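Put chain B on the given structure of chain A with help from the hints.
Heads up: the protein sequence lines correspond to chains A and B, in order. Sequential numbering of the first sequence, starting at 1, is according to my numbering. Sequential numbering of the second sequence, starting at 1, is according to my numbering.
Careful, some of the hints might be misleading.
List of simulated lysine-lysine pairs, DSS-like, C-alpha gap at most 27 Å [stated by the list, open to error]: (1) Lys30/B with Lys48/A; (2) Lys96/A with Lys36/B; (3) Lys8/B with Lys95/B; (4) Lys30/A with Lys174/B; (5) Lys185/B with Lys152/A; (6) Lys30/A with Lys102/B; (7) Lys30/A with Lys30/B; (8) Lys42/A with Lys39/B; (9) Lys146/A with Lys36/B; (10) Lys146/A with Lys185/B; (11) Lys48/A with Lys36/B; (12) Lys102/B with Lys52/A; (13) Lys148/A with Lys102/B; (14) Lys152/A with Lys194/B.
Keep in mind that the hints were calculated from the coordinates and are not lab data. None of the values given here were measured: they were computed from a predicted structure.
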Amino acid sequence: MPGFEEIYSLYSPQIFRVCMGYVNDHEQAKDLTQETFISVWKNLASFKNRSKISTWIFRIATNNCLRALEKSKRVMTTELPFHLPDVPPEETQEDKLRFLYNCIAELEEIDRIIISLVLEDLPQAEIAAIVGLSNGNIRVKIHRIKEKLATKFKDHGQFE
Amino acid sequence: MDNLNDLKAIWLSAKTDDLPSSTEMLRIVKRFRDQKLRKKWMVIIMAIALAALMIAAILFNKPTLVTTYIGQVLAASACVVLAVSNIRSIGRFYKLNDCSNKEFIAFLEQTRLNQLYFYKNTQVWGMGLSSTGLLLYSYEFVYQNMLWCIITYSLVVVYILVFFFVVRPRGYKKEAKKLNATMEKLKELSNQIK
Numbered sequence: 001m002p003g004f005e006e007i008y009s010l011y012s013p014q015i016f017r018v019c020m021g022y023v024n025d026h027e028q029a030k031d032l033t034q035e036t037f038i039s040v041w042k043n044l045a046s047f048k049n050r051s052k053i054s055t056w057i058f059r060i061a062t063n064n065c066l067r068a069l070e071k072s073k074r075v076m077t078t079e080l081p082f083h084l085p086d087v088p089p090e091e092t093q094e095d096k097l098r099f100l101y102n103c104i105a106e107l108e109e110i111d112r113i114i115i116s117l118v119l120e121d122l123p124q125a126e127i128a129a130i131v132g133l134s135n136g137n138i139r140v141k142i143h144r145i146k147e148k149l150a151t152k153f154k155d156h157g158q159f160e
Numbered sequence: 001m002d003n004l005n006d007l008k009a010i011w012l013s014a015k016t017d018d019l020p021s022s023t024e025m026l027r028i029v030k031r032f033r034d035q036k037l038r039k040k041w042m043v044i045i046m047a048i049a050l051a052a053l054m055i056a057a058i059l060f061n062k063p064t065l066v067t068t069y070i071g072q073v074l075a076a077s078a079c080v081v082l083a084v085s086n087i088r089s090i091g092r093f094y095k096l097n098d099c100s101n102k103e104f105i106a107f108l109e110q111t112r113l114n115q116l117y118f119y120k121n122t123q124v125w126g127m128g129l130s131s132t133g134l135l136l137y138s139y140e141f142v143y144q145n146m147l148w149c150i151i152t153y154s155l156v157v158v159y160i161l162v163f164f165f166v167v168r169p170r171g172y173k174k175e176a177k178k179l180n181a182t183m184e185k186l187k188e189l190s191n192q193i194k
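Just chain A, same shape as in the assembly (with noise of 0.2 Å):
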């Protein structure tokens, strides 16, 4: 089993490219990931490796962020008052960057986590341990989160 400082290193960088992705806020991301590490500090002894490393850590973030819309009330979709610009984003790495993390902000929340996981990575079968849905469910649930997201960037004038 490896050391905290280990997973730490290992797992914060794609921790807090998934709590990005769920609430789209730096700070909240921030917070978010430390809030994981806190919880796998807290619980790493207690592990008893009934799942990957991996697939637990995830889950501990993924609900740490579920759990945000209790605290904050910036995560709740249907208070967003972000729309999409009618114009094509600027070229920057950074502007695509925006542009996705606002198309994914646009996605219910339960669809956000399962894109970041995509997005990481993760083979379907950890996505689906990590969620708790069936490896069919989940199937169809990335395919059809890929085609609201290939028809958003289409709208605004990506990937044509």
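This is chain B only, laid out in the frame that chain A set:
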């Protein structure tokens, strides 16, 4: 979508260099104490200590009136009700170590239902027991002096009435509104995960 790899490239370009280093994070986590659970533990310890105090008072103080005994037993029972409800709640938190999003949402829903039940039932029972206990317990100390009796009982009754008809309904209304809003959001999440 053929361009998933493009999306992955954009996704991975997110800057993560302002995250704390592993050494800094280790310092942060060691400093951290779980405030919420600590508060629950404090309530449990206080409730058990109070119940033990009541029982010790019965054993060593030897009251002369039966009302004092009943009052102490009722007040101790209220403390036990409070301790048990908090112990059950903590037990649920500790079991929640490795669960999927679906299980976690179900846990949150159950927690909010338990909270509503606490405000609607357990709190009423607890306060009812301790208020009755207080009234009966005070009787032995004041029954020989009518003036003290009237003053003490008036104060206790006013306190109980204010709590039951002003403080509690206000607190309940505020909490219930918040909890119902959360429940609705959780139901929405639960539907997304079916």
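Quick rundown of the hints versus the structure:
1. For the hint linking Lys30/B to Lys48/A, the alpha-carbon distance of about 22 Å falls within 27 Å, and the restraint holds.
2. Taken as a hint, the Lys96/A and Lys36/B pair is broken in the structure, with Cα atoms around 40 Å apart against an allowance of 27 Å.
3. Distance check on the hinted pair: Lys8/B and Lys95/B sit about 36 Å apart at the alpha-carbon level, beyond 27 Å; violated.
4. Taking the CA atoms of Lys30/A and Lys174/B, the gap is about 31 Å. The hint is violated against a cut of 27 Å.
5. Restraint check: the Cα-Cα separation between Lys185/B and Lys152/A comes to about 25 Å, which is no more than 27 Å; the hinted pair holds.
6. Our distance criterion of 27 Å between C-alpha atoms is met by Lys30/A and Lys102/B, whose separation comes to about 24 Å.
7. Between the alpha carbons of Lys30/A and Lys30/B the distance comes to roughly 18 Å, so the proposed pair stays at or under 27 Å and holds.
8. Our distance criterion of 27 Å between C-alpha atoms is met by Lys42/A and Lys39/B, whose separation comes to about 18 Å.
9. With a C-alpha separation of about 39 Å, the suggested pairing of Lys146/A with Lys36/B is violated against the 27 Å cut-off.
10. For the given pair, Lys146/A sits about 25 Å from Lys185/B by alpha-carbon distance, which is consistent with the 27 Å threshold.
11. Our distance criterion of 27 Å between C-alpha atoms is met by Lys48/A and Lys36/B, whose separation comes to about 25 Å.
12. Taking the CA atoms of Lys102/B and Lys52/A, the gap is near 18 Å; set against the 27 Å cutoff, the hint holds.
13. At roughly 23 Å between alpha-carbon atoms, Lys148/A and Lys102/B fall within 27 Å of each other, so this suggested pair holds.
14. Only pairs whose Cα atoms come within 27 Å are accepted, and Lys152/A paired with Lys194/B is accepted, the gap being roughly 25 Å.
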